[in-house]
Structures are given as structure tokens and as C-alpha cells.
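**Q** Same order as they appear, the protein sequences are chains A and B. Each residue of the first sequence is one higher than the last, beginning at 1 in my numbering. Each residue of the second sequence is one higher than the last, beginning at 1 in my numbering.
Source of the hints: derived by calculation from the structure; they are not laboratory data. Treat the hints with caution; some may be incorrect.
Straight-line Cα separation of at most 25 Å, PhoX-like style, residue types lysine-lysine; simulated pairs [stated by the list, open to error]: (1) A/249 - A/263; (2) A/221 - A/288; (3) A/233 - A/33; (4) A/233 - A/288; (5) A/209 - B/275; (6) A/221 - A/233; (7) A/209 - A/177; (8) B/273 - B/167; (9) B/167 - B/20; (10) A/108 - A/138; (11) A/288 - A/209; (12) A/96 - B/167; (13) B/275 - A/96; (14) A/263 - A/233; (15) B/20 - A/22; (16) A/138 - A/96; (17) A/221 - A/209; (18) B/273 - A/108; (19) A/263 - A/209; (20) A/96 - A/119; (21) A/33 - A/249; (22) A/288 - A/270; (23) B/20 - A/138; (24) B/275 - A/22; (25) A/108 - A/96; (26) B/273 - A/96; (27) A/96 - B/20.
Computed from a predicted structure; not experimentally measured.
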Amino acid sequence: MISTTQELAIDVTDLQMRYGDKDILTGVSFNAKQGEVLVLLGPNGAGKTTTIEILEGFRMRSAGEVRVLGTDPARGDELWRARLGVVLQSWRDHAKWGVFELLNHLGKYYEPYSTPTHKRPFDAQHLLELVGLQPQAKQQIQSLSGGQRRRLDVAIGLIGNPEVLFLDEPTVGFDPKSRRDFHDVIHRLTDLEGTTILLTTHDLSEAEKLADRIVVLAGGKIVANGSADQLAKEVSSQAEVRWVQDDQKHVHSSSNATAYVRKLLEQHPKGISDLEVRRASLEDTYMKIVMQHELPSDKTSSKEKKGNEL
Amino acid sequence: MNAVARSARLGLERSWIETKQFLRNPQEMVWTVLIVAIFLGVLWFQRNKEVEGISLGLLTLPSLLGMMVAQAGFSGTAGVISYDREDGTLLRAKAIPQGIIGYIVARTAYLLNTTVINLAAVFVPALFFIDGITGVGIGGALTIAWLFLLGLFATAPYGAIIGSLVKSSGSGFGLTFLPLAGLVAISGIFYPITAMAGWLQAVAQVFPVYWLGHGFRSVFLPDTAVAELHGSWQLGATALILTAWAIVGFLFAPRVLRRMARRESGSSMQERKEKAMNRGY
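For reference, chain B alone in the conformation it holds in the complex (with noise of 0.2 Å):
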């Protein structure tokens, strides 16, 4: 086996390995219980509360699931990426044959594992309490799953782009959860966007997240698209607009990136630890 084809093997080793790590952390468990709670409480408080002769709670699930594809790609990647720098991963990547690919396939691997594990723990309690959920099909299974994939490709190379630029992890959060939960309010994902206002309503189906919502919309409602800008499904709309954001972001992003590693080193990284330690954390 060539060694490329090895390190890439090897990648894979790694996201294993860290996700079982992911799931035996209490720490990480703790903050990913809390959130899933947060959100299965907001479904639980909107389950009879009904918009159009719809259920609140049954639109705003699989809305939910779109937005977290999204904040796992852009505020996932870039938390990751910027922690990374900082405690030195990747400059340890660097160090070995080969390593940068591994370092690669072992976070797009990780990547796709945890978002799986995290739209589960949402999804699965959430059908207990919200009524109305179809049932999906081959043809809506294929759906999640390009839906799921091209979601992270066009969201995850901007946050690795904000993540190789910022200057510590705590401002790759930050630079991140800002612009996403903008986003999020006005792209109809706790509330149909139709009650937007036309101009929120046009900048909104400009990013990923509207129509990543939109398409988890259309596998698991019914076939009527009420609330919905056009009155009905847009599923090339949707694979359209996301696959125009990943063409771009795969454009710059690994541009961005080579850059950031080759200007890694051990004496940035150590400029950095002395800020972390400086800010206590």
C-alpha cells in the first residue's frame, strides 16, 4: 500500500479512535446533553402550538437538523481547526510522514460521525413527543443523505478558512456563532420564514442554512409545503445554491489552509500558548 493511501487509512484509525473518545468524554457529553435538551425543549413548548394548520413542533424538527448540519460545519470546523493550531495537533501532524492527510481525512471522518451522533440524539427523543412525521422512503433516505454531505461541504470550508485566519479558539467560536445564529433567526428555522419580511426573506435563501431547513422540511413533512416561500418543495433550488457555496468554499479553502500550515510553527504555536495560559484557558 502506497503511503498516501496509508496515512488516509490512518486517518480513518484516528476519527474512530476519537469518537469514541467524543463519546466517553463527560465533559463534551455533558455540553452536547445540554444542548440537545435545549433543543427538545423548544420542540416540546412548540408541539401544540399550531402556524397554517401545521404543528410548530413538527416544522421546526427537521428545520433543526438542518441548522445543525450547518453549525457543525461552519462553527464546528472552525472551533476545531483554530483548537488545533493552538494546541499544537496539527504542528505534530506536520512533524510526520504523510501526516497532513491523515490529519485531513480524520477530521472530515470525525466530522460526519459526531454530526450523526448529534442530529440522532435530537431527532430520535423528539419523534416520541411530535406527531405527524412521515415516514421516509428510499427516495427520502437518499435525500438526508445528499442533503447531510453537501451540507457540510458547503459550509465546513468556511470554517476552516475562519478557523486557519483567527488568532486564538476562543475568536473561531465567536467569529462563528455570530453570523450562524443571525442566520438562523431569519431563515425560518424556529419560525416559518414566511412571516419574515421580503427583503430578510431574499438575503436568507442567499445562504446554506435556509435551504439546508428546507430540504430536511420536505423529506419529513407532508407532501404539502405549506409555510413555504414558493408554496412548494425546491429540491434543485436547494442541491443548486449548497453545491454553488461548496464549489466556492473548496475554491479558497485549501488555498487558506496550506497557507496556515506551512506558517505553523513551533514558535507561533508557543505565542499562543502563552495567551491561552494568559486568559486561563
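The following block holds chain A by itself, in its conformation from the complex (with noise of 0.2 Å):
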């Protein structure tokens, strides 16, 4: 327990991923500090989801290092397991039971896990409250909206008290009402128990809300690491000058918009008007970056084309 790598709850070193005579992850590195959320964006097919699959348990990796609470994923034993919390990408098993009745089920299996310092597992009552599925309770999960599915899924990937918990695409499919939703509720597990969260999207507005911390994942590497303003840092220093003189629209771009403004005032003391100074957002950052690494990537296009035709 007093190892160094205890206080990272996922430490990544080198991550490797083929498949065949194809590279789908090519050294990847990061980690997370107990209780951060950290985001894992990047474009579809960016390796994503085999990172996250890998961190699992559930996907042998091909070279490098990893550890989950200190474990490697693919020596993980039960004990490990019960530590985690997956929320998976389901649709529609357990059909026929109950909302409340299934949690309820799979919450016993953590039971013997528990300790005197982690309750497992939570009040399963309690838990559809925080996800608000109270009123739900004892409807069959096959009634619910595809959001509402969404939140059980993650109730049940909460419901071990999981000191790591993983989200893979959780909100792929939701209208914006059920988006914000989901979010209230990651906002509100992360005042739990310093619980670690790792969660893929390729929403870029979406991680902007909920990262302490991202890390962008382009052709099968790590692009970019760190806070949503670090990482806008990182790719442009340049902040855009935009204001109106005289009827004319003007723009500069400058890497000290500050001395900028107070020249342009101190030259022109009237007839300045409508001054707005914008540092580049994160989606400009963020299209800059993966323009920057994504490699000429005919697989994704010729998937599309499929997609036409049928």
C-alpha cells in the first residue's frame, strides 16, 4: 500500500496495440492521479476504446506497461475486479427485470469485498436517486428511454463503490436534455470518495465539461495532454484582436493581445468600438491538433461509403 504507483489509479507507459500487421495503438502513455477525471478524446477509430478496453482487463495489449490500482490488467484476480467499475456499452440485456431489482442483484456480488473503510456496495435505492432513476425503480429496464438505460448502466457500474471507474462512449446516442442529464450526474459522482473516472468521448464539449484532465488520442498516439486551458496553451499562444473603427471591421492576431489593446486605445482614444479579445477556443485547438496527427485514414472513409449504400 505505500508503493509510489498507489497514488496513481492508472498509470500507462508505452502502450502498444496490432492487430495483425496493423497498429492500432503505438505507444501510448498517461496517467491519473486518485480522483481525477480524466478525458480521453480523439476522432472514432483513434484507439480509444482498446485503450479503455485494455485498462479493463478485457484485451490483451501487445507491448508496454500498465497499471490499475497498481494491478496489471491482465493478471487482475476478482479482488481487483471488484474494485473497478465498467460502464459498458450495453443496449439491452436484463430486459425483462426489474431497474431496481437488477441493481440490487448485482450490488451482492460486491459484498464480500467490503471493508470497515469501503462499503461495498452502495444502497442501490440510493444510488437511482443520485442517478435519478427513482421514479423508475420498479419498472422493467426494456421501458426505459435510451438516456434512462444510460444511467442505470452507470448506476451499475457504480454500484461496487469502484474506487476506478470507466465510462466508454457514455453519452453517444443522447438527445442534449438527457446529455446535460448525464453530466449533472458525473458532476456529483466526483464529490464521491475521490472515485478516479476515465471516460472516452469525441465530443469536444463534452470533455471540456467534465475533464480535470485530457488526453488526446490521434492515429493510435497521444497528441495532447492536459487541462482544457493548457491544452489551448499549448497550441496557440495567439490571442485574435477583433474591433470596429470608423464602420470597418477590424482583426489582428497577436501573441500579447494585452499590450496590443492598450497600444490600439493609447493610438486611438476615440472611435474604438465593439473590442473583443478571444484566445483560441478548445475546438480550434482541438481540430488543430488532430489535423496535425491524424494519418490518411481510408478506413474510416470506406466504412462510410458502406454505410451509403446500405
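Two independent chains are provided; combine them into the complex using the hints.
**A** The following block contains the structure:
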């Protein structure tokens, strides 16, 4: 319990994955501290799901070092498994079960792993309140909407009071309201006993809302790692200054926007209006990072073509 | 209680919950009632027909029970496992501690429960119009018990292997239904096997379906083994052949199951989900 890896809930060094002669991951390294919300962001096909499945212990890696809660997922035993929460991209399993019935039943598997300092499982009733499914507690699972079903999946991922929670593309196919409700749930979770959360998404605004830190994965490697602000600064130190002078719009890029604006106002004490200073948004940053690193991916485009033919 | 014993107990809890769901689910019931009705219909039309001095319906009823055991073990298991892979039930079990043990216990117990229910659903109504079923003593009851269990053990591992290998739940059904229907046709289930060509009789005697039918007939029919291949009840051979199938099955099935379970992941499930959505069920 005193080892240094203990402070890192997730520690990945030079992770590689190869199927046949195709490289999916080429040397991925990142880590997450206890209690951190880490978002793995990247375009489709970047290797996010492969990465998270290796960390969950559901997939063997080709090379590299991986530690989750100090254990190699390839050798994780049931005790290790009990400390994780996995939110699957599920869809229709246990359709005939009741919402509370299933959550309560699955929770019982965690009882032998309860300790005085870390109680398992959570109370199912309480957890349903947390994810806002209290009114549906007695309904059959197949009667839930997509967003409700997803929140139940999150509740199931949480029932064992996990130290690390994995969420793979949790909000795919959500309407805006379900998405916002879901984000609220994640925010509430981070207040719970320092659960470390690793979440994958290709939705940038989602990453920005939820992440303590964003790791951007593109073309099988990490191309950026930091908070939203840090990422923006990393890619572009330039800010855009816009203003209107004599009914004319002006735009100027500057690495020191404050000094530029000061000078501008000194030179033109009158006649300047609609002054605006804008740092590169995370979206600009993200597009720029991904464009730089995306390999020419014939695979995705041919897939899309196939989809259109159908 | 240790975690393994506990998850085995949770498996039983799950099988109980799911058996109740099976009984309450209208769709499942319509399907079950339909099949039972077809079997009862066959028996009804056979009730007055005689073969070698014995009512054909009387021969068919116990044979049907044997066939239903083989069907539940083979097709039922293949269907359940392929379906559980497709919809994520299996992956869910993998994601919780000792979940796979709970899953296996639950599926085994569920198979036993639902097979008993299905057998009773055919047998009990048939008693009202099929004459000549002899009462079974304690010995007969014991024979039914071991035939039932050994029959499931002899067939379920092969169903599990097919369920683990197929790509979709639909092909799990198709791949088991055809061979089973073929075996039923040559195994003397709906008509005495003595009417079959010699080489077909030989083929039939390699597989569990014939022996399950034979075993159940030995319990319910009068002492004289008319219309049987060797002119007598061969319970020793029945036990031997079913055991052989069970042993070979249990040698291979766990390996295939483990390999399949290890490979099961969110992305492989996602692929199947997309395929299932495309085909519309």
C-alpha cells in the first residue's frame, strides 16, 4: 500500500496494440491520479475503446506497461475486479428485469469485498436517486428510454463503490437534455469519495465540461495532454483581437493581446468600439491537433461509403 | 461465506428470478404453449393408431420427453449463450467480481427449471387422452432423474460450444435446429426406429437423442419392449453412451467457453449490436 504507483490510480507507459499488421496504438503513455476525472478524447477509430478495454482487463495488449490500482489488468484477480466500475456500451441485456431488482442483485456480488473503511456495495435505492431513476425503480428495464438506460448502466458501474470508474462513450445517441442530466450525474460522482474516472468521448464540449485533464488520442498515439486551458495554450499562444473603427471591422492576431490592445487604445482614444479579445477556443485547438496527427485514414472513409450504400 | 460460494448462491437467486420472468412473459408463453400444443396435437392424432400391437401415441409420449431434454440441452443452451453474448449479459457478468460463476450456475439452474416446466406441460395434459402409461415406482422416478440430468449433461456442452462460436443469435438457432431435426427424424421419436433402414438405425444409435427416447420409453411403457431395436430395454447402454457424450463435452466445452469469454469485449459486442440492428431483431 506504500508503493508509489498507489498514488496513481491509472498508469500507462508505452502501450502498444497491433492486430495482424495493423497498429492501433503505437506507444501510448498517460496516467491518472486518484480522484481525477480524465477524459480520453479523439476522433473515431483513434484507439480510445481499445485503450479503455485494455485497462478494464477485457483485452490483451501487444506491449507496454499498464497498471490500474497498482495491478496489471491482464492479471487482475476478482479482488481487483471488485474495485473497478465498468460502464458498458450495453443496450438490451436484462430487458425483463426490474430497474431496482437488477441493481440490487448485482450489488450483492460486492458484499464479500466490503471493508470497514470502504463499504461495498452502495445502497441501490440511494444510487437510483443519484442518477435520477428513483421514479423508474420498479419499471422493467426494457421500458426505459435510451438516456434512462444509460443512467442505469452508470448506476451499475457504480454499485460496487469503485475506486476507478471506466466509461466508454457514455453519451452516444443522447438528446441534449439527457446529455446534460448525465453530465450532472458525473459532477455529483466526483464529489463521492475520490473516485477516479476515465471517460472516452469524441465530443469536445463534453470533454471540456467534465475533465480535470484531457488526453487527446489520434492516429494511435497521445498528441496532447493537459487541462482544457493548457491545451489551448499549447497549440496556440496567439489571441485574436477584433474591433470596429469608423464602421470598419478589424482583426489582428497577437501573442501579447493585452499590450496590443493597450497600444491600440492609446493611439486611438476615440472611435474604437466592439472591442473583443478571443483566445483560441478548445475546438480550434482540438481540430488543429487532430489535423496535425491524423493519418490519412482510408479505413473510416470506406466504412462510411459502405454505410451510405446500405 | 467465501466469494465463490456466495456468487454460486447469487446464481441460484438469478435463476429463480429469471424462471419467474419466463413464466410471466407473454411472448415466451405464447411460444411455449404453441410448441406444447403442436406436440399434443401429434399425440392426439396418434392415440388410436397401433404399431405392433401398441398405441403409437403411447410410444411417442415418452420419446417426446427424451427429445425435449436433448432439445433443451443442445438448442436451448446454444441459443441462450449466443443471445447472452449478443445483448451483453455475458460481458456484464465478466465486469463484476465472480460474476462468471454466478452466470454459469444461473444458466444451469435456469435450464433445469425451464426444461422441467416444458416436460410437465406436455406430459400432464397427454395423460388425459393417452392410455396405458404405467405408474412409475421409486425406481422409475430415479431413472427419470438420472436420464434427465445425464441427458442435459450429454447435450448442453455441445450447445454451449456452438453458442460460443457463432457470430449471431440467429445462427445459433439455425446451426442446432437442423442437425437436431435430422437426428429426431431417424431416432424413433415420432415413429418406431424399427421401421428405419439398418444403416440409419446404426447412425441413430451413436447419438443421445435415440437413447434418451429409449430411456424414457423404458420407464413409462409396459415391461415388454416391443418395437425396440434389441427387443429389450438397454438402460446400461443408455447410461454408457450418454456418459460418454457428457465426458467428451465437458472436456472441450470449458475450453471453448473460456476462450470465448476472454475475447468478449465491448467492441465485439458493439459490432454484433450493429449487425442485429441492421437485420432488425
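**Q** Against each hint, give a clear statement of whether it holds in the structure.
**A** Checked hints:
1. Note on residue 249 of chain A and residue 263 of chain A: the hinted pairing holds, with a Cα-Cα distance of about 18 Å set against a maximum of 25 Å.
2. Proximity of residue 221 of chain A to residue 288 of chain A is assessed by CA-CA distance (about 16 Å); at most 25 Å being required, the pair is judged to hold.
3. Restraint check: the Cα-Cα separation between residue 233 of chain A and residue 33 of chain A comes to about 23 Å, which is no more than 25 Å; the hinted pair holds.
4. Pair hint residue 233 of chain A plus residue 288 of chain A holds up; C-alpha atoms about 12 Å apart against a cutoff of 25 Å.
5. About 33 Å separates the Cα atoms of residue 209 of chain A and residue 275 of chain B, which puts this hinted pair outside 25 Å; it is violated.
6. Restraint check for residue 221 of chain A and residue 233 of chain A: the C-alpha separation of about 20 Å stays at or below 25 Å, so the hint holds.
7. Straight-line distance between C-alpha atoms of residue 209 of chain A and residue 177 of chain A comes to about 15 Å, which keeps the hinted pair within the 25 Å bound.
8. Restraint check for residue 273 of chain B and residue 167 of chain B: satisfied, since their Cα atoms lie roughly 11 Å apart, inside the 25 Å limit.
9. At most 25 Å may separate the alpha-carbon atoms for a hinted pair to count; residue 167 of chain B and residue 20 of chain B exceed this at roughly 29 Å.
10. A distance of roughly 18 Å separates the Cα atoms of residue 108 of chain A and residue 138 of chain A; the hinted pair therefore holds under the 25 Å criterion.
11. Pair hint residue 288 of chain A plus residue 209 of chain A holds up; C-alpha atoms about 20 Å apart against a cutoff of 25 Å.
12. The hinted pair formed by residue 96 of chain A and residue 167 of chain B meets the criterion: a straight-line CA distance of about 24 Å does not exceed 25 Å.
13. With a C-alpha separation of about 22 Å, the suggested pairing of residue 275 of chain B with residue 96 of chain A holds against the 25 Å cut-off.
14. A distance of roughly 23 Å separates the Cα atoms of residue 263 of chain A and residue 233 of chain A; the hinted pair therefore holds under the 25 Å criterion.
15. This hinted pair does not check out: residue 20 of chain B and residue 22 of chain A have alpha carbons roughly 48 Å apart, beyond 25 Å.
16. With a CA separation close to 11 Å, the supplied pair residue 138 of chain A and residue 96 of chain A stays within the 25 Å bound.
17. Proposed proximity of residue 221 of chain A and residue 209 of chain A is supported: the alpha carbons are some 23 Å apart, at most 25 Å.
18. The hinted pair formed by residue 273 of chain B and residue 108 of chain A fails the criterion: a straight-line CA distance of about 28 Å is larger than 25 Å.
19. In summary, the hint linking residue 263 of chain A to residue 209 of chain A is not supported, as the alpha carbons are separated by about 35 Å, beyond the 25 Å threshold.
20. With a C-alpha separation of about 29 Å, the suggested pair residue 96 of chain A and residue 119 of chain A falls outside the 25 Å cut-off, and the hint is violated.
21. For the proposed pair residue 33 of chain A and residue 249 of chain A, the alpha carbon gap of about 47 Å is over 25 Å, so the pair is violated.
22. Proximity of residue 288 of chain A to residue 270 of chain A is assessed by CA-CA distance (about 37 Å); at most 25 Å being required, the pair is judged violated.
23. The suggested pairing of residue 20 of chain B with residue 138 of chain A holds, with an alpha-carbon distance near 16 Å, which does not exceed 25 Å.
24. At most 25 Å may separate the alpha-carbon atoms for a hinted pair to count; residue 275 of chain B and residue 22 of chain A meet this at roughly 23 Å.
25. Straight-line distance between C-alpha atoms of residue 108 of chain A and residue 96 of chain A comes to about 19 Å, which keeps the hinted pair within the 25 Å bound.
26. With a C-alpha separation of about 18 Å, the suggested pairing of residue 273 of chain B with residue 96 of chain A holds against the 25 Å cut-off.
27. Taken as a hint, the residue 96 of chain A and residue 20 of chain B pair is honoured in the structure, with Cα atoms around 10 Å apart against an allowance of 25 Å.
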